[in-house]
Amino acid sequence: MHPRERLPYSPIEGRPPLALPKGVRLVVWPVLALEEWDMSRPMARMVISPPQGQPMLPDHPNWSWHEYGMRVGFWRLRKMILKLGISPTITLNAKVCETYPSVVRACMDSGWELNAHSYDQVPMHKLDDQRAVIEKSMDIIEKFSGKRPRGWFGPGLTQTFDTLDYLSEAGVEYIGDWVLDDEPVTLKTRHKPVVALPYNFEIHDIVMMALQHHPSEEWHFRALDHFETLYAEAVERPKFMALACHPYLSGVPHRIGHVERTFAEILSRDGVVAWDGSKILDWYLAESKLQDAAA
Amino acid sequence: MNFPKPAVGMLPNDRLAYSAIPSRKPLKLPKGARMVVWTITNVEEWDPTQTMPRTVLTPPAGGSPMPDIPNWCWHEYGNRVGFWRLLQVYDEFKIPGVMNINGVAVQAYPDIVKACVERNWEFVGHGYTQRNMQKVENERTDIRKSAEVLERATGKRPRGWLGPGLTETWETPDILAEEGYDYVADWVLDDQPVWMKTRGKPILNIPYTQECNDVAMMLIQHHKASEFCERAMDQFEQIYKDAKGSARVMAISVHPYIMGAPHRAKYFRKIYEKIRKKRDVLFWTGSQIADWYMKVGPKPAV
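Heads up: the protein sequence lines correspond to chains A and B, in order.
Quick note on the working numbering: the first sequence kicks off at 1 and runs consecutively.
Quick note on the working numbering: the second sequence kicks off at 1001 and runs consecutively.
These aren't lab readings, by the way, just hints derived from the structure by calculation.
Cβ coordinates follow ideal geometry from the N, Cα and C atoms, glycine included.
Hints should not be assumed to be uniformly reliable.
Unchecked claim - Footprint (simulated), chain A over chain B, 3 or more residues, beta carbon under 8 Å: (1) 1037-1044; (2) 1070-1077; (3) 1080-1088; (4) 1099-1111; (5) 1259-1265.
Between the sequences and the hints, there should be enough to build the whole structure, so can you do that?
Here it is as structure tokens:
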């Protein structure tokens, strides 16, 4: 379906505001992504481009750069998250259960929400059988953790025109791929509707660091600018702020300090709480039901 | 040097002669002002069945996915949410608005059009769709349809045109003049308006900007958000200085999906906090600039 068939245009001005629980002004949504980069293919991202621009396979330097994240970076971020006392959404390539089971188990031990991020880090457009890969991803994570994921992020947030229909079929209740609003919105599919939670790729370490090449302090700088705007607007209507971390980017020594102080400062403000995707979804479903009932 | 002439239209050099700014007769603004600032908001509709004009997040290992849902949504955020932040700045600082909008966007985003019509913003033609004018099937139809849509929506025919990505064919100014446009802003070659020859009536070019432009700064050059204000102030101060004795025009250009993002909006606002109260700076629309220049500036060569 064309995106407009799934969700008509609607300006945020004039929408009746939903209500967050008393005392909650802004909800932070921490998202940590765990990926598997298949070495027989070009690497998903590169920090060092090959000499003379000649692509190489295997790409040891960039594979290693990503692998650092799983070996070292993740554990730094985990320590930080435990120290902050928050519960993130962990979006993972299902293959990570096979290749890095200890990482997934550490997330499960802390009770963190697991979210499906396809099978491995390949855009949805490149898959021969999207539907099968979606089902497989959901099944693997369910089998490993005992719980079927409620949410999904496509690799690079990619979707085809049909992806949402397959996701709904597989039991996905929410996605983060549609960065078009500050509030959750409900998307039509050929089966049950799917909720798009307000995600963004502005406060996103791949975009800022790997693609736009900002200095590490920009993590903090941009996040606070983003926060201050939403926090002021949150007086009138609920605001959500997703912060996206990847262990090989946010977990490196020269960035983790900026990431930690960003979370600490934002969470120290009045009325700011951290929720995972599951919790945001449940709030939205309950609130929109109330609103529909009142209408 | 003599360049080969195109089969249709004209070489840029044949539309306007080189002229050194210090050699021109001084331009005077009313009310003792020395420079004009015009602030343009660009609203587009991006067709999800075509390649996205800009992207911020590329897919893993590259490639151009079709559809490109992430980048389509990132742009759509601007019209759902970002625009209203920019509008607040226009309202608060009483900046006359210039809405540079795709013909198709008029139908897609009626709330934006309504808000601008209510505030008496000037509407400027920005392509019928968001496409390179060189790739459009029939340029005249595109230009004409844009004028018709804008006239229907606002009650007024657009006087100005600013092409998608400032693109033009060899003929664009000729067609614009024939289709009743008075000014164009694609030619970022001066700090003062300048007349250009067409095969028919001359057309005026008004200074627009690729420098104080959020697409260039944020999406192409990957600057941090504060650069928008810093650069605008550096530009403003220089142009203000240059404007001693002869008027200058400065443009500031924003797109809702860029400067309307939560982490950027304040840097748009900050510019006007600093410059709006200056007594010798006028805040005008393109139409006002055109009228002024046509009255006091040199007449076009015939």
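Tested hints:
Chain A is given as covering the stretch 1037-1044 of chain B, and this is violated because 0 residues of the stretch bring a CB closer than 8 Å to a CB of that chain, at least three being needed. Interface restraint, the stretch 1070-1077 of chain B with chain A: holds (6 residues with C-beta to C-beta distance below 8 Å; minimum three). As drawn, the stretch 1080-1088 of chain B meets chain A at 5 residues by the rule of a beta-carbon pair under 8 Å; at three or more, the given contact holds. Check result for the stretch 1099-1111 of chain B against chain A: holds, 3 residues qualifying (beta carbon to beta carbon below 8 Å, three or more required).
Residue count for the stretch 1259-1265 of chain B with a Cβ under 8 Å from a Cβ of chain A: 5. That meets the three needed, and the coverage hint holds.
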